[in-house]
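Participant: Chain by chain, the residues run as shown.
There are 2 protein chains.
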Amino acid sequence: MKLLQERILKDGNVKSGNVLKVDSFLNHQMDIELFNEIGKEFKRIFADYNINKILTIEASGIGIACITAQYFNSPVVFAKKAQSINIDGAVYSTKIESFTHKKTYDVIVSKKFLNPEDRVLIIDDFLANGCALAGLIELVRSAGATVEGIGIVVEKGFQNGGELIRSMGVRLESLAIVDAMNADDGSITFRN
Amino acid sequence: MKLLQERILKDGNVKSGNVLKVDSFLNHQMDIELFNEIGKEFKRIFADYNINKILTIEASGIGIACITAQYFNSPVVFAKKAQSINIDGAVYSTKIESFTHKKTYDVIVSKKFLNPEDRVLIIDDFLANGCALAGLIELVRSAGATVEGIGIVVEKGFQNGGELIRSMGVRLESLAIVDAMNADDGSITFRN
Numbered sequence: 001m002k003l004l005q006e007r008i009l010k011d012g013n014v015k016s017g018n019v020l021k022v023d024s025f026l027n028h029q030m031d032i033e034l035f036n037e038i039g040k041e042f043k044r045i046f047a048d049y050n051i052n053k054i055l056t057i058e059a060s061g062i063g064i065a066c067i068t069a070q071y072f073n074s075p076v077v078f079a080k081k082a083q084s085i086n087i088d089g090a091v092y093s094t095k096i097e098s099f100t101h102k103k104t105y106d107v108i109v110s111k112k113f114l115n116p117e118d119r120v121l122i123i124d125d126f127l128a129n130g131c132a133l134a135g136l137i138e139l140v141r142s143a144g145a146t147v148e149g150i151g152i153v154v155e156k157g158f159q160n161g162g163e164l165i166r167s168m169g170v171r172l173e174s175l176a177i178v179d180a181m182n183a184d185d186g187s188i189t190f191r192n
Numbered sequence: 001m002k003l004l005q006e007r008i009l010k011d012g013n014v015k016s017g018n019v020l021k022v023d024s025f026l027n028h029q030m031d032i033e034l035f036n037e038i039g040k041e042f043k044r045i046f047a048d049y050n051i052n053k054i055l056t057i058e059a060s061g062i063g064i065a066c067i068t069a070q071y072f073n074s075p076v077v078f079a080k081k082a083q084s085i086n087i088d089g090a091v092y093s094t095k096i097e098s099f100t101h102k103k104t105y106d107v108i109v110s111k112k113f114l115n116p117e118d119r120v121l122i123i124d125d126f127l128a129n130g131c132a133l134a135g136l137i138e139l140v141r142s143a144g145a146t147v148e149g150i151g152i153v154v155e156k157g158f159q160n161g162g163e164l165i166r167s168m169g170v171r172l173e174s175l176a177i178v179d180a181m182n183a184d185d186g187s188i189t190f191r192n
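Taken in order, these protein sequences are the chains called A and U.
Residues 1 to 192, numbered by this note's numbering, are exactly what the first sequence covers, in order.
Residues 1 to 192, numbered by this note's numbering, are exactly what the second sequence covers, in order.
Hints should not be assumed to be uniformly reliable.
Since the list gives no way to pick out one identical chain from another, each pair is judged satisfied if it fits inside one copy or across any two copies.
[To be verified] Straight-line Cα separation of at most 35 Å, DSBU-like style, residue types lysine-lysine; simulated pairs:
id : residue 1 : residue 2
1  : Lys111    : Lys15
2  : Lys2      : Lys111
3  : Lys112    : Lys15
4  : Lys10     : Lys103
5  : Lys112    : Lys2
6  : Lys10     : Lys112
7  : Lys81     : Lys112
8  : Lys102    : Lys40
9  : Lys40     : Lys95
10 : Lys102    : Lys2
11 : Lys111    : Lys81
12 : Lys103    : Lys40
13 : Lys103    : Lys15
14 : Lys40     : Lys15
15 : Lys10     : Lys111
16 : Lys81     : Lys10
Just so you know, the hints here were simulated from the structure itself, not pulled from any lab data.
Pulled out of the complex, with its shape left as it was, chain A reads as follows:
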């Protein structure tokens, strides 16, 4: 997605430790006009899949998922990190290791909100090692629901998450795939 790549080149920052900061428009401050273009693109890609539910994970996936959901006329469910007293005991759960925070979370979705007839589009902002996505796929499949596709905004193509998820037989589409980046000169190379 050309608009997104241009924005990453303009406002993204490469930091040491393979960190790509896009917090001025994607995951801390959020450019809602850009999110609408992202949502339209996901709809274009997944138009034929009869998606009836969008699943994401808190926190930074939620905004993109909600804007995207407008193009599918579907509700959004977000998976929650760690148990809350507001969640009933009846949950699907899995463990996810966060690349960003270097720790392991319990991630849950109430059983009320994933059902066998659901045709789910999973949306998230980043794909790195694929742990979060693998966990979300597991939650959907635990419910007997179908993962129709996965829409990612930025994939780090030099990490193994994309390969891992595509090997699970799921259609994964990333709007920008970063194949290389360099903290010294700030350069970013996208996959064509």
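Start from chain A and add chain U according to the hints.
Facilitator: Here is chain U on its own, set in the frame of chain A:
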């Protein structure tokens, strides 16, 4: 907001401990069509305030804030709970005690995303004891920015948060104010 009150009566559940579960449409599964009606109502209320930024807090405020932002043509910034390696040292921070989770969080916003010229609308799903809102107001004022108003979806009118925040001289508008609820018979009484 009549549509919201009707939805709370239809799909909300009163649990012991003053918990109102609205997780089927507001803060776990999210009804984006309802969110659009909420966003329009916030725009109607705050149309004259020249809002240029919406601030919320992760996680359950993000979806409502993003949909609402479409009516203000503004970006959204969400305050983050606890330090992440992706956040620069340059942050505004405060401590917030969560009613839901019974613990205290450090809450931060990057200094890049709150500036003295910002006219901020704060959006959140729930208002109970007001700690989260007081923290967000403090973050905005730390930046020298202006809180033009606060839009809440559900206020628990029998807790003291509404009084606390209104006494700070901020315009606070809640789309539904619950004055009483009863876990035994499931009844919910709204303020007129």
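Participant: Taking the numbered hints from earlier one at a time, note which ones the structure violates and give those numbers from smallest to largest.
Facilitator: none
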